[in-house]
Each structure stands twice: as C-alpha cells, then as structure tokens.
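Enquirer: The primary structure of each chain is shown beneath.
4 protein chains.
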Amino acid sequence: MDQFLHDQPITPRTDVEKQAVVNRLKRIEGQVRGIQKMVEDDRYCVDILVQISAISAALKKVGFQVAERHTKHCVSHAIKSGEGDAAIDELMDVIKQFSK
Amino acid sequence: MDQFLHDQPITPRTDVEKQAVVNRLKRIEGQVRGIQKMVEDDRYCVDILVQISAISAALKKVGFQVAERHTKHCVSHAIKSGEGDAAIDELMDVIKQFSK
Amino acid sequence: MDQFLHDQPITPRTDVEKQAVVNRLKRIEGQVRGIQKMVEDDRYCVDILVQISAISAALKKVGFQVAERHTKHCVSHAIKSGEGDAAIDELMDVIKQFSK
Amino acid sequence: MDQFLHDQPITPRTDVEKQAVVNRLKRIEGQVRGIQKMVEDDRYCVDILVQISAISAALKKVGFQVAERHTKHCVSHAIKSGEGDAAIDELMDVIKQFSK
Numbered sequence: 213m214d215q216f217l218h219d220q221p222i223t224p225r226t227d228v229e230k231q232a233v234v235n236r237l238k239r240i241e242g243q244v245r246g247i248q249k250m251v252e253d254d255r256y257c258v259d260i261l262v263q264i265s266a267i268s269a270a271l272k273k274v275g276f277q278v279a280e281r282h283t284k285h286c287v288s289h290a291i292k293s294g295e296g297d298a299a300i301d302e303l304m305d306v307i308k309q310f311s312k
Numbered sequence: 213m214d215q216f217l218h219d220q221p222i223t224p225r226t227d228v229e230k231q232a233v234v235n236r237l238k239r240i241e242g243q244v245r246g247i248q249k250m251v252e253d254d255r256y257c258v259d260i261l262v263q264i265s266a267i268s269a270a271l272k273k274v275g276f277q278v279a280e281r282h283t284k285h286c287v288s289h290a291i292k293s294g295e296g297d298a299a300i301d302e303l304m305d306v307i308k309q310f311s312k
Numbered sequence: 213m214d215q216f217l218h219d220q221p222i223t224p225r226t227d228v229e230k231q232a233v234v235n236r237l238k239r240i241e242g243q244v245r246g247i248q249k250m251v252e253d254d255r256y257c258v259d260i261l262v263q264i265s266a267i268s269a270a271l272k273k274v275g276f277q278v279a280e281r282h283t284k285h286c287v288s289h290a291i292k293s294g295e296g297d298a299a300i301d302e303l304m305d306v307i308k309q310f311s312k
Numbered sequence: 213m214d215q216f217l218h219d220q221p222i223t224p225r226t227d228v229e230k231q232a233v234v235n236r237l238k239r240i241e242g243q244v245r246g247i248q249k250m251v252e253d254d255r256y257c258v259d260i261l262v263q264i265s266a267i268s269a270a271l272k273k274v275g276f277q278v279a280e281r282h283t284k285h286c287v288s289h290a291i292k293s294g295e296g297d298a299a300i301d302e303l304m305d306v307i308k309q310f311s312k
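Here the protein sequences come in this chain order: E, R, H and S. According to our numbering, the residues represented by the first sequence are 213 to 312, in order. According to our numbering, the residues represented by the second sequence are 213 to 312, in order. According to our numbering, the residues represented by the third sequence are 213 to 312, in order. According to our numbering, the residues represented by the fourth sequence are 213 to 312, in order.
It should be emphasised that the hints constitute simulated quantities derived from the structure, not laboratory data. Hints may contain errors.
DSS-like mimics (lysine-lysine), calculated; alpha carbons at most 27 Å apart, straight line [claimed, not checked]:
#, chain 1, residue 1, chain 2, residue 2
1, E, Lys272, E, Lys230
2, H, Lys308, E, Lys238
3, E, Lys273, E, Lys308
4, E, Lys312, H, Lys292
5, S, Lys284, S, Lys238
6, E, Lys284, H, Lys249
7, R, Lys292, E, Lys308
8, R, Lys272, S, Lys273
9, S, Lys284, H, Lys238
10, H, Lys249, S, Lys292
11, S, Lys284, E, Lys308
The task is simple: from the sequences and hints, build the whole structure.
Expert: Next up, the structure:
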C-alpha cells in the first residue's frame, strides 16, 4: 500500500478533532517513555509486558477512531459519488493490516 | 493481574540489553510523535492508519523480545526450582492479554 | 450487540456467492476435524498450534470477505439513504470484536 | 516452521485430556457448520461476523490451552535437560504466528 486514494480527508479535521486525537497520542507517547524508564530501572518483565499491552490497546482505540471518521466522511463521500468500491477496498486493506 | 511474582528479572538486564530495548522504544516514541504531526497537518486517514499499524507491529516485536528473555531467564529459573507452574500461568496470562 | 440493523443483506447473496463462502467454511470444518485426529493421535503440541493458527487465518479471511461485501452492499445502501452513521457504527463495532 | 523439535508431547496426553480438547473442537466444528447454514439462509452479514468472531475466540482458547500444557510439559522438560533455548524459540515462534 504505497499510494493512497487521497492526500487529505475529504472533510478537513476541525481543530477540536485534531486536538482530541493529538491528546490521545501524547498520552501514548508518555506511556512509551514510561516503559523506557521501567527497562532502565530493570523492572520485572511481566510488569513491562502489561504496560506494552496497554499501549497496544490505546493505539488500537485511536486507530478505530480514525477508521470510523474515515468511513463516515471519505468513504461515504466516495460511495455517494459512485466511487465506493475503490474506497472500500482501500479501507478493508488497511483494516486487515491494522488488525494483524 | 495486579500483582506479579517478582519485582525484577531473576537475571538483571545488562546495560547492552537495556540499551537495545530502550532504542527500539525511542524509535516507537518518535513514530508516535510523527503521527501527531500527520494529524496536525490533516493528512489522509488511511496514511495515518498505516503508520499506526507500523507502530503496533513494532510494539509487538518489543513485547515478544521481552517475553522471550523472560521465558529464558525468569520462567526457566522457576521451572528448575520446582516453581514452574505459577511462572507459566503468569506468562500465559500476559501473553493472552498481549495478543488481543 | 444483541440486535442488528437488519435480518438479511440488502442485496440477497447469489447462489454462486453462497457457494463460495460455504466452500471455504467446509474446508475450515475439515481442518477442525483434522486437529481432532491430531489430538487423538497425541501429536506434538507445536504441530497442533500451527494448524490452529492456519484455521484462525482462514476464518479471518472469510470474515473480511463477508465484511467487504457487507460494506459494498448494506453499508453503501444505508449511506445513500442518509442512514449511514448507524450502519457504520455497527460495522466498526463488529470489526473491533472480530479483530480482537 | 516445517520441522518441529518432536513428533509427540514428552508426557503423553491422558484420555481425559484428549477428550477435553476434542470436545471443544467438536463444539467449534458445530459452530462452523452453523455459519454455513446462516450463509445458505442468507442471514445478515453482521450476524454472521459475530458468529465468526465467537469461533475465533473459541479457537484461541483451545490454542492457549495447548500452549500452556506444552510449556508445562515439553518446554519444562527441555529446560531441565539443558535444552531450553531451542524449545523456547520454537514456542515463541508459534505464539507469534498464533497471535497474528
């Protein structure tokens, strides 16, 4: 998947929307830094794995949020314009990759 | 899983081992910051989702690296000391959580 | 998720479509029976786990095939009828469950 | 992963153990047949996807049961015999494949 159907979402993200996603990502970034400290402090492996699982779950949540908005805006727009199949194929491909 | 069998790995991580894991995590941290920028630049949703998938895959890789070391040191030590079952149950629980 | 938006797909599956999905499922059914035999023959655990992974992968493939058709027919129809949001929420919910 | 370390588990499965796994697999086989009927009856896609998710979850459960027994018997035995690393590498490889 090297090329995408578009460069930008069909409906631009509002500042409020951007901020909501960025805030979640900042929290994830902080969690990743937290694990670095756990490793440096030589913390128990299982404790670290539980934290990694928490980050994976948080990332999945952001991903589904992005996918939902994408479907409600970009894919819906494509469907209404009679170009739904390409948009749906692209969506399914990325969800397959994402849900591995 | 609120309490773990130990606070630290049975064999302390060497500086080289710590550095290897921390380096991978720093790269992941950078990737998470990269997505924040993509959101702020209002980049295409599918492009963002592909990046999120890449981070998830990188996190899984670190997780399996930690799990492998854990099994080779902590779990192996527990097995040799006749306390393998509790260690294996703890390992399986965290892997279940991790592979969701 | 106890109630669904519909009882049937908006576009009925053709006999050819039904047969294609049923054939895949019959193959999966045969693989599940194959593992029963492996267990009865006391085959090596890792060998069994590899087969279970293969079935999981095959099931995911069928699932994505069903999800794709669903999006191209039912969800697309809902979007064109101005009822896209409910259909997309339902789709996202089931994909979340499915990709656990 | 074409060749495995062994052909059989180090401790043979008892009849009770075999029966427990086979019973779970028979239930899964029945669920797969149930989906075939749903497809033939042209049932709603999301309904089918929920059932596929249930089977995936049931398969994962059997897999973890097999992996746990494997670790408690075969891997533990290998560790006590000083051949732990190969057994742990094999275990991690199959769990990676399994948790995709």
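Enquirer: Taking the hints in turn, state whether each one holds.
Expert: A quick look at each hint next to the structure:
1. E:Lys272 with E:Lys230: The given pair, whose Cα atoms are some 17 Å apart, holds under the 27 Å limit.
2. H:Lys308 with E:Lys238: holds (23 Å)
3. E:Lys273 with E:Lys308: Satisfied, since the Cα-Cα distance of roughly 15 Å is no more than 27 Å.
4. E:Lys312 with H:Lys292: Status violated; Cα separation ~31 Å.
5. S:Lys284 with S:Lys238: holds (25 Å)
6. E:Lys284 with H:Lys249: violated (47 Å)
7. R:Lys292 with E:Lys308: violated (41 Å)
8. R:Lys272 with S:Lys273: holds (20 Å)
9. S:Lys284 with H:Lys238: Given pair S:Lys284, H:Lys238 is violated - Cα atoms ~34 Å apart, limit 27 Å.
10. H:Lys249 with S:Lys292: violated (30 Å)
11. S:Lys284 with E:Lys308: Violated, because 34 Å separates the two Cα atoms, which is more than 27 Å.
Hint compliance for this structure: hints 4, 6, 7, 9, 10 and 11 are not met, and every other hint is.
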